[in-house]
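Chemist: As they're listed, the protein sequences go chains P and S.
Be aware that the first sequence starts at 22, since it is given in the numbering used here, and climbs by one per residue.
Be aware that the second sequence starts at 5, since it is given in the numbering used here, and climbs by one per residue.
Since the hints were made in silico from the structure, they are not lab data.
Even for Gly, the Cβ is constructed at its ideal location relative to N, Cα and C.
Errors might be hidden in some of the hints.
[Unchecked claim] Derived CB-CB ranges, DEER-like:
no., chain 1, residue 1, chain 2, residue 2, range
1, S, Ser-87, P, Ala-27, 24 to 34 Å
2, P, Gly-43, S, Ala-229, 12 to 22 Å
3, S, Met-132, P, Gly-75, 10 to 20 Å
4, P, Ile-138, S, Val-146, 31 to 41 Å
5, S, His-70, P, Asn-154, 27 to 37 Å
6, P, Gln-141, S, Ser-206, 18 to 28 Å
7, S, Ala-124, P, Ile-138, 23 to 33 Å
8, S, Met-173, P, Leu-47, 17 to 27 Å
9, S, Phe-125, P, Ile-134, 37 to 47 Å
10, S, His-187, P, Ala-27, 22 to 32 Å
[As the list claims (entries may be wrong)] Capping the alpha-carbon separation at 25 Å, the derived lysine-lysine pairs in DSS-like fashion look like this:
no., chain 1, residue 1, chain 2, residue 2
11, P, Lys-148, P, Lys-85
12, P, Lys-85, P, Lys-39
13, P, Lys-148, S, Lys-162
14, P, Lys-85, S, Lys-126
15, P, Lys-148, P, Lys-160
[Stated by the list, open to error] Here chain S is said to cover these stretches of chain P; the calculated rule only asks that three of the stretch's residues, wherever they fall, bring their Cβ under 8 Å from a Cβ of chain S:
no., stretch
16, 68-79
17, 149-160
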Amino acid sequence: MTPAYAFFHWLAQTYLGKLMQGNDYLFPTVEALHIMGSVALVASTSVLSLRLAGLFLTEIPVSKIAGQFLPWAWLGFGCQVVTGTLLFMSEATQAYANVIFQVKMALIIVAGIIALIFHQTVYRRVKTWDLSNPPFSAKFAAYVSIAIWFAVIAAGRWLNSSVANSPVPPPPM
Amino acid sequence: MGHENAAVKVSYTAPWAQVSTAQIPGAARDSSGTTSRLSGFGRERYNLKPKFTKNLRQYPRSTEMHILYSLSSWLENTLMGRSIHDSVWLFPVIETVHLFGVVVLVGFASVLDLRLMGVAFKDYTVSMLAERFLPWMWTGFVVQVVTGILLFASEATKMYGSGVFRAKMLMIAAAGLNALVFHVLAYRSVGTWERDPVAPLSARFAGAFSILLWFGIVGAGRWIAYS
């Protein structure tokens, strides 16, 4: 038994975990909020990515778009972390061994790393290309970011059926 | 009277109406698979148990089959409906595309709504945002309509009886009406107020209604699966 499994098992036994498992209405409600959060998060990052790819709002400076849309992306991300944790707590032990859950988490981490690298390298020099054609690396980051966020949505949808169908593993010794 | 034994098949002229009562859950069937006419009205006619279901109606209220039920039944039995219903992976895949579409439609519509409400994006003109975001919203809307019809076709008669599904459709109609009213009234004079950080009251209301309705539609969409 790995420490991670013990942690997930403990998470499922907490008050919130029990609450999520025991209430028929709580899970769909939190799931609906999770989808609403994904609209805010993915749509606002997509606007920025489309601008970086040179496909959308090209006459507006990149820094201005980033300044106005990223707060909404962070709002959506906060909503996703809170609702996602609640959903996870309701079936933590099933999700533990689930490959799709692991893929989804890995994709989110990769999206975060790409955003961080973009912010620390190309975006540092944004003033030099704010209104001109974005450099190749910015375009590349934009396309990869869009692909990853939509893949995260697809993984989330897949997770919904795969976790529900997966057996409950035995409790840790 | 010989009416009780006279087996009359329920039939209509429209193709989607040509369904037998055998498709109504719980309907009484005689040996020929048809129901006796004049043996009762409403529930009695189909010999349905007066099952108590909150907000759910699995069968038409009137003695005649509701045209929407007939339409749902026809759609469900088309090759398209059957294929999606029987396939293990088609429904989830179409649902995923439906989720992609909701991000584009609701996400991009929200930008315009927040601008109209005066909450965010105040330094862009309303007409510029509308001009840029509307093509994406229409793309998303078309994706939603196409994938939505496919999803509906796979379980149409179930959706016919779902209160949440009806609420979702009504909210979509209300959102469309709201957009139409906004376009005809406030948007006509957009040139006079589009640079103001705070839009006129009617435009602010249109934005607020729109964002509430669209997020309500998203919530209802998730709830359909549990209804």
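Chemist: None of the hints should be skipped; say for each whether it holds.
Modeler: A quick look at each hint next to the structure:
Roughly 45 Å separates the CB atoms of Ser-87/S and Ala-27/P, a value that falls outside the hinted 24 to 34 Å. Evaluation of the 12 to 22 Å hint for Gly-43/P and Ala-229/S yields a pass: the beta carbon distance comes to about 20 Å. Between Met-132/S and Gly-75/P the beta carbons are some 18 Å apart, a value that agrees with the proposed interval 10 to 20 Å. The hint said 31 to 41 Å for the Cβ distance between Ile-138/P and Val-146/S, and at roughly 35 Å that hint holds.
Restraint check, His-70/S to Asn-154/P: a C-beta distance of roughly 58 Å breaks the suggested window 27 to 37 Å. The hint said 18 to 28 Å for the Cβ distance between Gln-141/P and Ser-206/S, and at roughly 46 Å that hint is violated. For the pair Ala-124/S and Ile-138/P, the supplied restraint of 23 to 33 Å holds, since their beta-carbon distance comes to about 28 Å. At about 26 Å, the CB distance of Met-173/S to Leu-47/P agrees with the hint of 17 to 27 Å.
Taking the beta carbon of each, Phe-125/S and Ile-134/P are about 29 Å apart, not inside 37 to 47 Å as hinted. At about 58 Å, the beta-carbon gap between His-187/S and Ala-27/P misses the expected band of 22 to 32 Å. Proximity of Lys-148/P to Lys-85/P is assessed by CA-CA distance (about 11 Å); at most 25 Å being required, the pair is judged to hold. Taken as a hint, the Lys-85/P and Lys-39/P pair is broken in the structure, with Cα atoms around 44 Å apart against an allowance of 25 Å.
Taking the CA atoms of Lys-148/P and Lys-162/S, the gap is near 56 Å; set against the 25 Å cutoff, the hint is violated. For a cut-off of 25 Å, the pair hint linking Lys-85/P to Lys-126/S stands: about 12 Å separates their Cα positions. At roughly 16 Å between alpha-carbon atoms, Lys-148/P and Lys-160/P fall within 25 Å of each other, so this suggested pair holds. For the stretch 68-79 of chain P, the assignment as covered by chain S holds, since 3 residues bring a beta-carbon within under 8 Å of that chain's beta-carbons and 3 suffice.
Proximity of the stretch 149-160 of chain P to chain S, defined as three or more residues with a beta carbon under 8 Å from a beta carbon of that chain, is not established by the 0 residues found.
Hints 1, 5, 6, 9, 10, 12, 13 and 17 from the list above are not met by this structure, while the remaining hints are.
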